[in-house]
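With chain G fixed as given, assemble chain D onto it according to the hints.
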Amino acid sequence: MGNEILKRKERLDRGVKVRTDTVYAVSSWQEIFFLLAPRLVLVVGLLSAPLIAPNLYWQKVICILGVFALLSLGFDFLSHFVGLVSLGGALFIGVGGYISGICNHYFDLPIALSIPMGTLLGAILCTLILLPTLPLRGVYFAIVTFVYPLMIERAICAADVLGGTDGITGLTMFGNIWFSQYIILGVVLFSTFGLRKLVNEDIGMVFRGVKDNDQAIRASGINITLYKALAVFISALMGCFGGAYLTHLYGWVGVSLLATDFSIFPLVATAVGGPSTLVGSLIGCIILVPISETLRAFGSLRIVMYSIILIFFIAYWREGLLNWLIRKYEQSEHWTRV
Amino acid sequence: MNKDLLLRVENLNKSFGGVKAVRSMNLDLFKGDILGIIGPNGSGKTTLLNLITGFITKDSGKVTFSSRDITHWPAHKIADAGLVRTFQIVRPYSSFATYKNLIPPLFSPRNRRTARGRLGDRDAVAIDILEEVGFERESAVIHKLAGTLPLGYLKRLELARCLAMNPELLCCDEVFSGLSMAEIASMVPLLERLRRNGITIIMVEHRLRELFKIANRLIVMNFGEKIADGIPHEVMKKDEVRKAYLGEESAL
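Chains as they are written, first to last, in the working numbering: chain G, 1 to 338; chain D, 1 to 252.
Warning: the hint list may mix true and false statements.
Unchecked claim - Residues from chain D that keep clear of chain G, each with C-beta distances beyond 12 Å, as calculated:
#	residue
1	D28
2	T71
3	L83
4	T86
5	V188
6	P189
7	H233
8	K243
To be verified - In silico lysine-lysine, DSSO-like type, Cα no more than 27 Å apart, as pairs:
#	chain 1	residue 1	chain 2	residue 2
9	G	K211	D	K77
10	D	K144	G	K197
11	G	K328	G	K197
12	D	K77	D	K62
13	D	K213	D	K238
14	D	K20	G	K328
15	G	K211	D	K144
16	D	K243	D	K20
17	G	K9	D	K144
What the hints assert, rightly or not - Restraint-style ranges between C-beta atoms, simulated for each label pair:
#	chain 1	residue 1	chain 2	residue 2	range
18	G	I287	D	R195	58 to 66 Å
19	D	S180	G	I314	53 to 61 Å
20	G	R8	D	A185	41 to 49 Å
21	D	S94	G	M151	36 to 44 Å
22	D	S94	G	R14	23 to 31 Å
23	D	R137	G	I203	38 to 46 Å
Rather than coming from a laboratory, the hints here were simulated on the basis of the structure. Even glycine gets a Cβ: it sits at the ideal position worked out from N, Cα and C.
This is chain G alone, in the form it adopts within the complex:
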């Protein structure tokens, strides 16, 4: 105070972002590039990752990253666009993985059939078993999605079916590491851009309306439960594909596919990357999965690390990385005198 010159930081939207949050006006090649550049960086970066990966171990990490990215995208979509807080990662992975494994082991279906079967049947099954909780508001959905995988795990071990604690071994594997990497990266990119398109379409406004104000959706003559079920189905499709993919990546399916990690990790990735952005959860995975791999020596202590990161982001940086980046990218800042 006193004689000091007071300054404050002034933030202005860049010209390309006119009037409002919803309308862009593109008038030059620079502006097209301005909008396209971040998307290109993401696509090219992801597609070139397999070429950069130094060895087979890190190439496998890319595969796992893809699976976690699908789960995180599904989590962000369900939680922040439809209002269903989902802890169903393990459920989707487990159900998709086991169905695909069963198709391959007991019915001798090739990968080209067992993965689509695991994805589709798994998503239908998951949606059906979650259906009773959909008319309810509140935490019930989160609880039930969390409890199902625990229940299935105990049931498989106790009844000693589907391979029991050992799992089903000797399943068909992808064989080619390049194929395994690019198929999952392709699905991740397709899901990311597909979901982003979906939530901005007219049907997306209904999904987001269910979260924002479900009574107004009812008053608009729309069945909320139907749309919640549809959203769960979409999310389950992605998760079950991840499960089916993992099964054939390892050539094995077991109760570790129902592990709690699959449910918790998407929360952390989304909190880090930036909630309600979809792409943010993918970026969260790109950051966290490699870190998590380098810390593999710490074993189960890694869940402690997840928890600490989660608490930090929830308490001190709710917007997450991507929302912060978007703000920096779309606004110019400079100091002005007050």
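Just chain D, lined up with the frame of chain G:
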């Protein structure tokens, strides 16, 4: 009367615990009516609307709309049939741009069955409807997030959301409350225009002066019961209405 019956409520009852919120309500509503429902706070007006539109379950009674028994229909199915309501406490989609608030109703099965939904660009239809209720087409307001709008706009947005449903019967729950005199004055012609366009309207209202300008029929409720029913100015002359509405002392 040779007018068409649109809505019939027969012996409708609802209790919350020991409180009889609505009791033995009977009501016939004809096409083209503007029906005002008034009564002191807590007399069951909003509960009656909630019962008719299916947002709460009925204890007993029967509701018929366009010759269909809608008593046990869920809320979304009733809205789908063309019986649409505003909420007393405005319920915008706060995180949407204002014009995007009309996308869910325009995307609803009801609209997709009719020509309006096939017009293609729902955004454009939404902006047309907003203009109809008094938003300026060229202003930035319709692109702002609905959560940032003042109450006057939000009340209009509630109406717009209902109009986007292409309703047959529109239930307005206190659309005037919380508005300035100027805002109300501009809303009255809007409602009259809707009636001319063939929409039947039920208005739960506390602002009597403005209500009497447009309503052609009035129901007075007290303690969940209908105590009067008729032409507005005749109804207000009744002794029991004055007592219920203005208190014992004021009943001259």
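Status of the hints after comparison with the structure:
For D28(D), the requirement that its beta carbon stay farther than 12 Å from each beta carbon of chain G is met, with the minimum near 24 Å. Non-interface status of T71(D) relative to chain G is upheld: no Cβ of that chain comes within 12 Å, the nearest being about 17 Å off. For L83(D), the shortest C-beta to C-beta distance to chain G comes to about 9 Å, within the 12 Å cut-off, and the non-interface label is violated. At roughly 8 Å, the least C-beta separation between T86(D) and chain G is not larger than 12 Å, which violates its mark as non-interface.
For V188(D), the non-interface assignment is confirmed: its Cβ lies about 23 Å from the closest Cβ of chain G, beyond the 12 Å cut-off. Residue-level check passed: P189(D) sits 25 Å from the nearest beta carbon of chain G, beyond 12 Å. Listed as outside the interface, H233(D) is consistent with that label: its C-beta sits roughly 33 Å from the nearest C-beta of chain G, beyond the 12 Å cut-off. Remark: the non-interface label on K243(D) is consistent with the geometry, its nearest Cβ contact in chain G lying 35 Å away (cut-off 12 Å).
Simply put, K211(G) and K77(D) have alpha-carbon atoms about 20 Å apart, close enough for the 27 Å limit, and the pair holds. With a C-alpha separation of about 21 Å, the suggested pair K144(D) and K197(G) falls inside the 27 Å cut-off, and the hint holds. The hinted pair formed by K328(G) and K197(G) meets the criterion: a straight-line CA distance of about 23 Å does not exceed 27 Å. Taking the CA atoms of K77(D) and K62(D), the gap is near 16 Å; set against the 27 Å cutoff, the hint holds.
Under the criterion of a C-alpha separation no larger than 27 Å, the hint pairing K213(D) with K238(D) is consistent with the structure, at around 19 Å. Of the pairs offered as hints, the one joining K20(D) and K328(G) is violated, with about 58 Å between alpha carbons and a cut-off of 27 Å exceeded. Taking the CA atoms of K211(G) and K144(D), the gap is about 19 Å. The hint holds against a cut of 27 Å. Pair hint K243(D) plus K20(D) holds up; C-alpha atoms about 20 Å apart against a cutoff of 27 Å.
This hinted pair checks out: K9(G) and K144(D) have alpha carbons roughly 24 Å apart, not beyond 27 Å. About 59 Å separates the C-beta atoms of I287(G) and R195(D), a value consistent with the hinted range of 58 to 66 Å. Take S180(D) and I314(G): their Cβ atoms lie about 42 Å apart, and the range 53 to 61 Å is violated. A hinted range of 41 to 49 Å holds for the C-beta pair R8(G) and A185(D), which are about 42 Å apart.
The supplied range of 36 to 44 Å is met by S94(D) and M151(G), whose beta-carbon atoms lie about 37 Å from each other. Between S94(D) and R14(G) the CB atoms are about 26 Å apart, so this pair conforms to the stated range of 23 to 31 Å. Taken as a hint, the range 38 to 46 Å is violated for the pair R137(D) and I203(G), whose Cβ atoms sit roughly 25 Å apart.
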